[in-house]
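In order, the protein sequence lines correspond to chains U and P.
Note that the first sequence covers residues 1 to 296 in this note's numbering.
Note that the second sequence covers residues 1 to 394 in this note's numbering.
Think of the hints as simulated: they come from the structure by calculation, not from any bench.
Quantities reported herein were computed from a predicted structural model and do not represent experimental measurements.
Among these hints, one or two may not hold up.
[Unchecked claim] Looking from chain U toward chain P, a few residues come up when the C-beta cut is under 7 Å (computed): (1) 86; (2) 183; (3) 198.
[Stated by the list, open to error] Covered by chain U, per the in silico footprint, the following chain P stretches (three or more residues, Cβ under 8 Å): (4) 42-51; (5) 244-256; (6) 350-363.
Every residue gets a Cβ at the ideal spot worked out from N, C-alpha and C, and that includes glycine.
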Amino acid sequence: MRKNVTGYMFLLPWLIGFLCLAVGPIMASLYLSFTDYNLLERPVWSGWNNYRNIFTKDGSFTHSLGLTFKYVLLSVPLRLVFALAIAMVLNKGLKMLGIYRTIYYIPSLLGGSVAIAEVWKAIFAGNGIFNRFLSTFNIHAPDWISNPFYLIYSIIALSVWQFGSSMVIFLAGLKQIPNEIYEASNVDGVGKLRQFFQITLPLLSPVLFFNLVMNIISSFQVFTPGVVIGDGRGGPLQSTLFYALYLYQQGFSYFNMGYASALAWIMLVIIGIFTMVVFGTQKYWVFYGDEKGGKK
Amino acid sequence: MWWGDQARADLTNQMFKLYEEKHPNIKIVGETSPFDGYFDKLNTLLASGSAPDIFALGSNIPDYVSKNVVLDLTPYVGKGLDVSNVPASLIDFNTVDGKMYGVTTGGNARAFAVNTSVLEKAGIDVPNESWTWDDFAQINGRVTQKLGKGYYGSYDPSGSYEEFETWLKQRGKVIYDNEQKKLGFQPADAAEWFQMWSDMRKSGAIVTAEEQVTSGTDASKSLITQGKVAMLVIPSNQLASYQKMTQDKLILLPYPNGPQGNGLAVQSGASIVGYAKTEHAQEVASLMDFWLNDPEAIKILGTNRGVPASTKMIDVLRADASAEDQIIYDYLDLIGKNTNVKATINIPGYNEFAQLLMTASQQVAFGKTSIQDAVNPFYEQAQKVLDINLKTAQ
């Protein structure tokens, strides 16, 4: 019993912070989502109004949701592919592994910041370095920053560039695969490609699962790149109106905080559904080494 | 709290020090933020009840008054706050429902900044204030023709609230009719506005949609200072910032004339208001009075926010004004002669409306939809936004 008390005492600072700074506001926002609240006056109860309006009358909701889906569907797989690819290269036992690992991880640390987004904006601008580089090969690339049809790709590129954190986790997972398995398969004459699909992937699947879930959850909440690389208000032409930015706009620019709270809870539910689905598919492709039997 | 860059912050803080010297028992803490995000910051402070005693607002004073967060200054007029030298139009601007809420810190008017060197290179005479929209279109066309690719006559203001409203005023209309509490224009007006710019865009006379996004509102990237664009709409007080970045001579011109003249009026570029829940209302009035009427304060601030609201103070500054500032003063004198232009207040739900207008303009500019398909949803949604905001303002 005494051991437990000590444990809880150590937990207490975090617990207080969690309750007051996270759970409290979250519950408050649930309440606010059923009100009209313009930030400056008292909230007025309005029942399901906000939710009804979101689903029936709000074109921007649909647009921002679709845009965010597109972003998640493109950036998450790409990021995971890059992360795994680089992790596999680094796993070959290079001499300066530690240094390379750090170098590839750095974008992850800096990536989401405003400063990097500004730099990204300058690099990919119509007459920025990237396009000028391409033009030396006579490739006339579009304006990745000011053209609403292409903006999303520069933002996806920024996200993929931050593959470092996923890569480090893949690297750890790769290192856990015993070399004997590869050696045994080499003796059996298994080619590299089959090795990858029949050995590496299944044994890596718990790590892949973890990375997939984490990346999906964080990608849905994309905000900073949208604000900085776009024009700060979801443009040009709503091409950077990610869900989180739209929510922010409704709450702080349009004074519809109740509506914004409803949007926030809808996003929570959506991310929750995606996460549950991915969890649900676990048994079909995630192979935990301590189970009997293998991949179905 | 106010918006602006470091230069403005330095000047403002200097002015505060002067005030503190004259009022040793009052201490002022100044806070600043770039314009982008200023209102988000302000709204958060207001929501948490910790807003500064004085903060800057623009033409969105009515929105904040309706939410009861602005101090009524009427009781202090004549009792610590002297506004006798402020022209009636600027007082009206800061008045809602008969009560005065703000003090103008900078008067300006919308203007076309014109790079005369570009016009010279293209062999075009610099127009004067009686020019028309046809002249405007012609000049733009000739700049592109004579100077070739990469050169444009003008930037594209079709997505900007103030520019659209000025054009409407030239036709006796407004964006928001405060007396009748409804939209003051028809979809056909918006369509005509977009069509005019679309024709010029198609012929290359004005910048491409992408260029407008890249450099249309960013002085540091503007092509007008690089001699590639001849004309750009700015608030008159920004002339000096642009002129600093180029050797070409920039002047100010009023809008091309429409059926009822150029529709321009001297406006309050920025005002300061008091926080409704301030505990220092008398001091707030005193600082505002100082900001408005003290010659030394005015000399420190100069025309950084625009022309001083008090006509007496304008005379103080005019005596040693720089060349660019003289251009600004002369320009505002010219605009001040427009006596038939009605003052308007911004539409309730200004932020949302401005966003709708910008989106519609970009839809046309990027060729995403036809003009009619951009205008109709725009008008419908603008109506909805207005209805929602009128309801909550009651």
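Going through the hints against the structure:
1. Restraint check, residue 86 (chain U) versus chain P: the minimum CB separation of about 33 Å is more than 7 Å; hint violated.
2. The interface hint given for residue 183 (chain U) is broken, as the beta carbon of that residue sits about 56 Å from the closest beta carbon of chain P, more than 7 Å.
3. Here the hint on residue 198 (chain U) is broken, as its CB sits about 48 Å from the closest CB of chain P, past 7 Å.
4. For the stretch 42-51 of chain P, the stated coverage by chain U is satisfied: 4 residues place a CB nearer than 8 Å to a CB of that chain, which reaches the threshold of 3.
5. Interface restraint, the stretch 244-256 of chain P with chain U: violated (0 residues with C-beta to C-beta distance below 8 Å; minimum three).
6. As drawn, the stretch 350-363 of chain P meets chain U at 7 residues by the rule of a beta-carbon pair under 8 Å; at three or more, the given contact holds.
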